[in-house]
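Quick mapping for you: the protein sequence lines, in order, are chains U and A. Letter by letter, the first sequence follows residues 1 to 183 of the numbering used here. Letter by letter, the second sequence follows residues 1 to 102 of the numbering used here.
Each hint should be verified, as a subset may be incorrect.
[To be verified] Covered stretches of chain A (in silico footprint by chain U; criterion: 3 or more residues with CB under 8 Å from a CB of chain U, positions within the stretch not fixed):
| id | segment |
| --- | --- |
| 1 | 15–28 |
| 2 | 31–45 |
| 3 | 51–62 |
| 4 | 76–84 |
Just so you know, the hints here were simulated from the structure itself, not pulled from any lab data. Note that beta-carbon positions come from the ideal geometry of N, C-alpha and C, so glycine has one too.
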Amino acid sequence: MILAASAGGILVWIVWVAAGFACLASGIAVISFSNPFYSALALIGNLGSLAVLYLLLSAEFVAAAQVLVYAGAVMVMFLFVIAYIGPRSETPWAGGPSWQSLGAILAAASIFVEIIVAIGLKAGGRLSHSDHVNATFGSPGWIGRLFLTDHLLAFEITSIVLLVAAVGGVILASHARRREVPA
Amino acid sequence: MLGPGVAWYLGIAAFLFATGALGVLVRRNPIIVLLSLEIMLNGGNLALIAFSRHARNGAGQIFALAVMAVAAAEVCVGLGLVVALHRRRLAMDVDALSELHG
Chain U
1 MILAASAGGI
11 LVWIVWVAAG
21 FACLASGIAV
31 ISFSNPFYSA
41 LALIGNLGSL
51 AVLYLLLSAE
61 FVAAAQVLVY
71 AGAVMVMFLF
81 VIAYIGPRSE
91 TPWAGGPSWQ
101 SLGAILAAAS
111 IFVEIIVAIG
121 LKAGGRLSHS
131 DHVNATFGSP
141 GWIGRLFLTD
151 HLLAFEITSI
161 VLLVAAVGGV
171 ILASHARRRE
181 VPA
Chain A
1 MLGPGVAWYL
11 GIAAFLFATG
21 ALGVLVRRNP
31 IIVLLSLEIM
41 LNGGNLALIA
51 FSRHARNGAG
61 QIFALAVMAV
71 AAAEVCVGLG
81 LVVALHRRRL
91 AMDVDALSEL
101 HG
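Using the sequences provided together with the hints, build the complete structure.
Written out as structure tokens, the structure is:
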């Protein structure tokens with residue numbers, strides 16, 4: 001029994017290391033490719049490996065929604081727009097280190113260090129243990145019950161936000177031609 | 001919990017957030033800026049779901065789903081702006097787009 005549990009733990013570790021490494025590597029690939037098409041494809045890999053991490057955290061419905069909504073719908077929209085406006089390559093790190101990219105690297109590194117220090121100081125000892133959850137945790141029925149009881153207002157407002165954003169996107173993309181103002 | 005604890009997931013989330021912030025600050029192409037914003041939002045989502053698992057409370061997962069919907073809305077408006085830029089034959093460079101007049 002203990003042997004089986006430790007074998008399962010090792011398996012979870014292996015999956016975690018693989019998914020985490022894919023996640024970090026594809027995240028770096030997104031910001032370092034010069035072609036936006038390759039960046040979008042790398043982001044699909046990033047979202048897929050994040051879905052594996054969500055599954056390890058027993059959030060099954062969120063993992064499925066991540067694959068369907070994010071890696072499916074949103075990224076297809078990105079790829080359509082990239083194909084519509086045509087390839088525009090940009091060399092991100094060309095011309096040596098400028099003061100802007102140096103400052104950006106400094107800012108991003110300081111954000112990372114701040115978060116790690118905050119986690120380590122404030123919550124490091126208390127975050128290492130966690131008990132087992134019951135089988136319905138993260139299942140679609142459980143999420144749906146939460147959405148329709150405790151979080152009904154958030155659910156409805158989310159639909160309104162999406163509707164307004166869709167209307168705004170259509171208006172932005174369709175009225176783009178400059179109209180001559182009568183003098 | 002089998003496998004790594006919540007702090008390991010939070011480390012990945014922090015790294016993703018910093019990577020996305022670096023992309024937003026360095027890149028000039030507005031599409032890649034939007035992609036980097038997606039990375040930042042996903043880093044936040046991973047932290048939310050890790051804390052939800054740690055606290056055994058569903059509010060974190062609900063909030064992660066709301067963040068997903070907000071990210072879809074943001075992508076919708078942002079890509080509308082990119083298409084409008086393309087129609088007006090403006091430069092695809094966020095440094096050149098510093099003025100708001102039409």
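Results of checking the hints against the structure:
1. Counting residues of the segment 15–28 of chain A whose CB lies closer than 8 Å to any CB of chain U gives 13, which reaches the minimum of 3, so the coverage claim holds.
2. As drawn, the segment 31–45 of chain A meets chain U at 9 residues by the rule of a beta-carbon pair under 8 Å; at three or more, the given contact holds.
3. Counting residues of the segment 51–62 of chain A whose beta carbon lies closer than 8 Å to any beta carbon of chain U gives 8, which meets the minimum of three for the stated coverage.
4. Restraint check on the segment 76–84 of chain A versus chain U: 8 residues with Cβ-Cβ distances below 8 Å, three needed, restraint holds.
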